[in-house]
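With the hints as constraints, model all of the structure from the sequences given.
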Amino acid sequence: GDSVTQMEGPVTLSEEACLTINCTYTATGYPSLFWYVQYPGEGLQLLLKATKADDKGSNKGFEATYRKETTSFHLEKGSVQVSDSAVYFCALSEGSYIPTFGRGTSLIVHP
Amino acid sequence: SAVISQKPSRDICQRGTSLTIQCQVDSQVTMMFWYRQQPGQSLTLIATANQGSEATYESGFVIDKFPISRPNLTFSTLTVSNMSPEDSSIYLCSVEGQGAGGYTFGSGTRLTVV
Numbered sequence: 006g007d008s009v010t011q012m013e014g015p016v017t018l019s020e021e022a023c024l025t026i027n028c029t030y031t032a033t034g035y036p037s038l039f040w041y042v043q044y045p046g047e048g049l050q051l052l053l054k055a056t057k058a059d060d061k062g063s064n065k066g067f068e069a070t071y072r073k074e075t076t077s078f079h080l081e082k083g084s085v086q087v088s089d090s091a092v093y094f095c096a097l098s099e100g101s102y103i104p105t106f107g108r109g110t111s112l113i114v115h116p
Numbered sequence: 325s326a327v328i329s330q331k332p333s334r335d336i337c338q339r340g341t342s343l344t345i346q347c348q349v350d351s352q353v354t355m356m357f358w359y360r361q362q363p364g365q366s367l368t369l370i371a372t373a374n375q376g377s378e379a380t381y382e383s384g385f386v387i388d389k390f391p392i393s394r395p396n397l398t399f400s401t402l403t404v405s406n407m408s409p410e411d412s413s414i415y416l417c418s419v420e421g422q423g424a425g426g427y428t429f430g431s432g433t434r435l436t437v438v
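In the order they appear, the protein sequences are chains E and Y. For the first sequence, the residue numbers in my numbering are 6 to 116. For the second sequence, the residue numbers in my numbering are 325 to 438.
Keep in mind that the hints were calculated from the coordinates and are not lab data. Possibly wrong hints are sitting among the right ones.
Which residues of chain Y face chain E? A few of them, derived with a C-beta cut under 10 Å, are [stated by the list, open to error]:
1) Ser325
2) Met355
3) Gln361
4) Ser366
5) Thr372
6) Cys417
7) Glu420
8) Gly426
9) Tyr427
10) Thr428
11) Phe429
Taking CB as the label site, the calculated pair distances span [unchecked claim]:
12) E:Ile113 - Y:Ser333: 18 to 26 Å
13) Y:Lys331 - E:Asn64: 26 to 34 Å
14) Y:Ser383 - E:Val87: 35 to 43 Å
15) E:Pro116 - Y:Gln352: 39 to 47 Å
Beta carbons: idealized from backbone N, C-alpha and C, even for Gly.
This is how it looks when you write it as structure tokens:
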């Protein structure tokens with residue numbers, strides 16, 4: 006079945022550092038890929054998405070590119086802020102099927 | 325996209341009791357989803373709730389333990405019955421996004437069973 010693997014956290018960075026959170030997936034078809042963010046005490050929010058190979062999703066300075074050849078969808082940001090501290094979930098969805106989520110990666114950004 | 329109000333936001337409950345979690349959506353939706361998020365784990369789908377029919381449960385979850393109501397197109401409840409410490413988790417409701425893809429989630433209910 007479908008699965009999503011994320012790098013273990015927590016990831017601890019200083020403000021303005023570069024961020025990469027790795028995500029790889031296995032799927033039987035051609036899924037859409039998502040990154041969700043969960044701020045402390047809140048539910049998950051959709052951060053960005055990509056629906057086909059080579060698509061780049063972007064939002065709030067975050068980017069991720071759908072790499073079919075490496076089955077990856079790594080999340081990147083060039084300069085993180087303290088307010089980016091949250092848990093980030095990679096997910097995939099095939100057609101109208103309910104998403105499959107990774108375990109989440111906690112990001113802690115220090116001033 | 326839809327906005328979901330979920331309550332309670334957190335609760336501490338005695339083992340053997342039950343807790344009912346409510347989710348109210350600001351628009352009509354066909355399907356609502358209930359997830360469990362155990363500490364350090366991914367989200368696990370409990371069940372899918374359609375209005376006017378019984379919920380569809382995923383493997384490992386049963387109606388007697390997690391009864392769900394879906395009385396109309398904007399509201400659903402999940403009850404965690406006969407709780408044990410192993411039920412301590414965050415419970416989330418979700419609906420499918422409207423045209424933007426992805427899913428919208430409630431703010432979650434952090435349940436601790438003592």
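Do the hints match the structure? See the list:
Hint on Y:Ser325 holds. Least Cβ distance to chain E is approximately 8 Å, under the 10 Å limit. At its closest, the beta carbon of Y:Met355 sits 9 Å from a beta carbon of chain E; the interface hint therefore holds under the 10 Å criterion. Using the Cβ-Cβ criterion of 10 Å, the hint placing Y:Gln361 at the interface with chain E is satisfied: the shortest such distance is roughly 8 Å. For Y:Ser366, the suggested interface contact is upheld, since its CB lies about 5 Å from the closest CB of chain E, less than 10 Å.
Hint status for Y:Thr372: holds, given a least beta-carbon distance of 7 Å to chain E, under 10 Å. Satisfaction of the interface hint for Y:Cys417 is found here, the shortest Cβ-Cβ separation to chain E being roughly 8 Å, below the 10 Å cut-off. Annotation: Y:Glu420 was flagged as interfacial toward chain E, and the flag holds, the nearest CB pair being 8 Å apart, inside 10 Å. Against a cut-off of 10 Å between C-beta atoms, the interface hint on Y:Gly426 holds, since the closest Cβ of chain E lies about 4 Å away.
Because the beta carbon of Y:Tyr427 sits about 6 Å from the nearest beta carbon in chain E, less than 10 Å, this interface hint is met. Evaluation of the Y:Thr428 hint against chain E yields a held restraint, the C-beta minimum of about 7 Å falling below 10 Å. A least Cβ separation of about 4 Å between Y:Phe429 and chain E falls short of the 10 Å threshold, and the interface hint therefore holds. A hinted range of 18 to 26 Å holds for the C-beta pair E:Ile113 and Y:Ser333, which are about 23 Å apart.
At roughly 28 Å, the beta carbons of Y:Lys331 and E:Asn64 sit within the given window of 26 to 34 Å. In this structure the hint that Y:Ser383 and E:Val87 lie 35 to 43 Å apart at CB holds, the actual value being about 40 Å. The supplied range of 39 to 47 Å is met by E:Pro116 and Y:Gln352, whose beta-carbon atoms lie about 44 Å from each other.
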